[in-house]
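Sequences and hints are given; from them, build the entire structure.
Here is what each chain is made of, one letter per residue.
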Amino acid sequence: MKKRKSNLPFKGTPEQEKQLLAVIEAHKGEKGALMPVMQEAQEIYGYLPIEVQQIIAKGLSVPVEEVYGVSTFYSQFALTPKGEYKISVCLGTACYVKGAQEVFDRIVEILGIEADECTEDGKFSLEACRCIGACGLAPVMTINEEVYGRLVADDVDDILKKYM
Amino acid sequence: MINLKVNGIDVSVPEGSTVLEAARQANIEIPTLCYMKEINAIGACRICMVEISEGGRPFRMATACVYPVSEGMEVKTNTIKVINSRKNTLKMILSTHNRSCLSCVRSGNCELQTLCQEYGVEDAAEFDGAMPEALFDTSAAHMVRDNSKCILCRRCVAACKQQQVGVIGANDRGFDTHIGSAFDNDLAKVDCISCGQCIVNCPTGALHEKDNTAEVYEALADESKYVVVQTAPAVRAGLGEEFGLPIGTDVEGKMVAALRRLGFDKVFDTDTAADITIMEESNELIERVTNGGVLPLITSCSPGWIKYCEYHYPELLPNVSSCKSPQQMFGATIKTWFAEKNNIDPKDIVVVSVMPCTAKKFEIGRDDESAAGVADVDISITTRELARMIKRMHMNFNALPDEQFDSPLGEATGAAVIFGATGGVMEAALRTAVEKITGEELKDVDFPVVRGTDPVKVTEMKVGDINVKVGVASGITGAKELLERVKAGEEFTFIEIMGCPGGCVNGGGQPIQPTSVRQTVDIKAKRASVLYNNDAAKAIRKSHENPFVKAVYAEYFEKPGSHKAHEVLHTTYVDRSNEVIM
Numbered sequence: 002m003k004k005r006k007s008n009l010p011f012k013g014t015p016e017q018e019k020q021l022l023a024v025i026e027a028h029k030g031e032k033g034a035l036m037p038v039m040q041e042a043q044e045i046y047g048y049l050p051i052e053v054q055q056i057i058a059k060g061l062s063v064p065v066e067e068v069y070g071v072s073t074f075y076s077q078f079a080l081t082p083k084g085e086y087k088i089s090v091c092l093g094t095a096c097y098v099k100g101a102q103e104v105f106d107r108i109v110e111i112l113g114i115e116a117d118e119c120t121e122d123g124k125f126s127l128e129a130c131r132c133i134g135a136c137g138l139a140p141v142m143t144i145n146e147e148v149y150g151r152l153v154a155d156d157v158d159d160i161l162k163k164y165m
Numbered sequence: 015m016i017n018l019k020v021n022g023i024d025v026s027v028p029e030g031s032t033v034l035e036a037a038r039q040a041n042i043e044i045p046t047l048c049y050m051k052e053i054n055a056i057g058a059c060r061i062c063m064v065e066i067s068e069g070g071r072p073f074r075m076a077t078a079c080v081y082p083v084s085e086g087m088e089v090k091t092n093t094i095k096v097i098n099s100r101k102n103t104l105k106m107i108l109s110t111h112n113r114s115c116l117s118c119v120r121s122g123n124c125e126l127q128t129l130c131q132e133y134g135v136e137d138a139a140e141f142d143g144a145m146p147e148a149l150f151d152t153s154a155a156h157m158v159r160d161n162s163k164c165i166l167c168r169r170c171v172a173a174c175k176q177q178q179v180g181v182i183g184a185n186d187r188g189f190d191t192h193i194g195s196a197f198d199n200d201l202a203k204v205d206c207i208s209c210g211q212c213i214v215n216c217p218t219g220a221l222h223e224k225d226n227t228a229e230v231y232e233a234l235a236d237e238s239k240y241v242v243v244q245t246a247p248a249v250r251a252g253l254g255e256e257f258g259l260p261i262g263t264d265v266e267g268k269m270v271a272a273l274r275r276l277g278f279d280k281v282f283d284t285d286t287a288a289d290i291t292i293m294e295e296s297n298e299l300i301e302r303v304t305n306g307g308v309l310p311l312i313t314s315c316s317p318g319w320i321k322y323c324e325y326h327y328p329e330l331l332p333n334v335s336s337c338k339s340p341q342q343m344f345g346a347t348i349k350t351w352f353a354e355k356n357n358i359d360p361k362d363i364v365v366v367s368v369m370p371c372t373a374k375k376f377e378i379g380r381d382d383e384s385a386a387g388v389a390d391v392d393i394s395i396t397t398r399e400l401a402r403m404i405k406r407m408h409m410n411f412n413a414l415p416d417e418q419f420d421s422p423l424g425e426a427t428g429a430a431v432i433f434g435a436t437g438g439v440m441e442a443a444l445r446t447a448v449e450k451i452t453g454e455e456l457k458d459v460d461f462p463v464v465r466g467t468d469p470v471k472v473t474e475m476k477v478g479d480i481n482v483k484v485g486v487a488s489g490i491t492g493a494k495e496l497l498e499r500v501k502a503g504e505e506f507t508f509i510e511i512m513g514c515p516g517g518c519v520n521g522g523g524q525p526i527q528p529t530s531v532r533q534t535v536d537i538k539a540k541r542a543s544v545l546y547n548n549d550a551a552k553a554i555r556k557s558h559e560n561p562f563v564k565a566v567y568a569e570y571f572e573k574p575g576s577h578k579a580h581e582v583l584h585t586t587y588v589d590r591s592n593e594v595i596m
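As you go down the protein sequences, you meet chains A and B in turn.
The opening position of the first sequence corresponds to residue 2 in my numbering, with each subsequent residue numbered one higher.
The opening position of the second sequence corresponds to residue 15 in my numbering, with each subsequent residue numbered one higher.
For the record, the hints were derived by calculation from the structure and aren't laboratory data.
Misleading hints may appear alongside valid ones.
To be verified - Derived DMTMM-like pairs (lysine to aspartate or glutamate); straight-line CA-CA distance at most 25 Å:
1) Lys-3(A) - Asp-186(B)
2) Lys-87(A) - Asp-186(B)
3) Lys-83(A) - Glu-128(A)
4) Lys-6(A) - Asp-279(B)
5) Lys-3(A) - Asp-200(B)
6) Lys-83(A) - Asp-198(B)
7) Lys-3(A) - Glu-147(B)
8) Lys-405(B) - Asp-279(B)
9) Lys-59(A) - Asp-200(B)
A quick note: this is a predicted structure, and the numbers were derived from the prediction, not measured.
Here is the structure:
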């Protein structure tokens, strides 16, 4: 699946940039510095928008296309921000056969975002995950650390309301 | 040395050689698609698979392009297993390949097509299924990227990176993998320098120049238009390859004959404008040297280099000569002096240029390149497009008589023709500048120290009382090396930079040779030899002695660097550093 790019404006702070520049400085000149810098950048910003990728490219003197290529190759890198509440719906086999897709679709409908996107107010982000080892509760979703199981699509409204 | 057997033939090769190199020693060519020596040795395409046995162990499959030889190794390159492996690889490539080959720009010169023909692979029926998203980028002035014909060999990526540009790479993963730019921006939006080295390294029709031949046919058919064609020096050194002639064949006469038969009103030579360039540029050099101007002076003939400078070294733009490139000086001279003299409205003149270059397509649209209020050059086509036009007209190119350029913009010196090889502009400028500075006749006009295809050439010489240090770079890797030396404080007087490795003879608009040839033949040197032989055979080898150039200055430009000359023959540059995505 092609990686989804951020639909939201970049909201990086000067403090974050200072942190990132320190990370780059620490790794500069190292062989294979790109991936560790990208990982730490993602920890600082939560994701790797073009603005961040440009800082990394400039700092490490590599073409920004190379940074982008790596960021779209590895699933651990996100190009979209995470929301205050991170919704993760399991679409693993057990959850899927128990109707997880309908749960997922209902969330898309309510929040108006697709998988790997974040709502404009920065409140919710949505992702599909594979088995989280709670097949007995299928279909299951998590919102941050909270686990919701044995769901039907109609449960979604009330659950989301708690966070709105 | 390592001893091994390739198809039973004994071979000795240096340690560290690959199986591919060892096989070449035995005159066995192993097919490759993704491989480029040193810059793209990634073993990705799997077409070079061979069977190897080491230390008496059973034969197994390995990629010849990257697998190192070992003592006593046995290699088999043509077993049934190898052939079937290559067939399957081809079928899998074809399964996601847009197989509209009939009118493909690379049909007949496609490395994938050649292999399919050789291995009898017709289609990929057993692997057919989903196709990746077809991406088609026509945003850039000079080229088209058609990812439906891309085989993901990454040779373009390596060529772009080698050029220090690095604006393309593999994005996404697995079935969605595609070649593109950062954040999937269009090529026109990134800092691509239009050099076209990606195109000449592409094995298929995924990358090609923007074809402007239709506009040429249209102009030729329009009776109200006076259509003038100019050809760059390197075109005559490459065009013959499109018609089966050996690399390094001079086809100047046949090229002129073909252009005349295509119906151009005048068939002129960019070389004549190159002589004018030398008049202006050597004058600029002498003025800067004597009046304490910004040094080093850096040449401005290569639009790929200019674009690179504007993106990445804007602080050096004051060093770049304000001279337009010969292509533009030619157009400007035609639409001013020639138009006035022949009483033709410049609006009714169409100047077509034939160039070894794709960046020239970008250059014609630059600001401040319209001396007569209309574009200096209207249409720029590559050597390949000219070949296509000649083929379309069904001319028997090799049987054409050798004809001469039209007068007066067909008279050029030996100094001008070597512009097409790295070091040529420098040598041509020195021939004029040395005479002007010393006031004495330069007896030996050859400057072998600036010749050859090394990416960086530096030399010092004494001209009169002045110590002159010159640098020549070709390919952006060389350019960057030289520019960093300048920025570090090394004092140069004059620097020539050409965007493509080896200069224009190896430009992005030149005929495409398959990878097997590119790796075993020094194309740059062979094509350059055409230009140096042409120069040596000329009676006049110094630009300032060109009778036409003398006349046009006496009549129109007054003297180099005059107000008129500045109006018509000089240009300006822009700082594009804020356009760089990086």
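Lys-59(A) and Asp-200(B) were given as a pair; does the straight-line alpha-carbon distance stay at or below 25 Å?
With a Cα-Cα distance of about 20 Å, the restraint between Lys-59(A) and Asp-200(B) holds, given a limit of 25 Å.
Lys-3(A) and Glu-147(B): Cα distance at most 25 Å?
holds, 10 Å
Are the Cα atoms of Lys-3(A) and Asp-200(B) separated by 25 Å or less?
The given pair, whose Cα atoms are some 17 Å apart, holds under the 25 Å limit.
Below or equal to 25 Å on CA atoms is what counts here, so check Lys-405(B) against Asp-279(B).
holds, 20 Å
For the pair supplied as a hint, Lys-83(A) and Asp-198(B), is the alpha-carbon distance within the 25 Å limit?
holds, 22 Å
Do the alpha carbons of Lys-6(A) and Asp-279(B) lie within 25 Å of each other, as the hint requires?
With a Cα-Cα distance of about 53 Å, the restraint between Lys-6(A) and Asp-279(B) is violated, given a limit of 25 Å.
For the pair supplied as a hint, Lys-87(A) and Asp-186(B), is the alpha-carbon distance within the 25 Å limit?
holds, 24 Å
CA of Lys-3(A) to CA of Asp-186(B), is that 25 Å or under?
Holds. Lys-3(A) to Asp-186(B) sits at ~6 Å (cutoff 25 Å).
Can you confirm whether the C-alpha distance between Lys-83(A) and Glu-128(A) stays at or below 25 Å?
holds, 9 Å
Comparing the model with each numbered hint stated earlier shows that hint 4 is the single one that does not hold.
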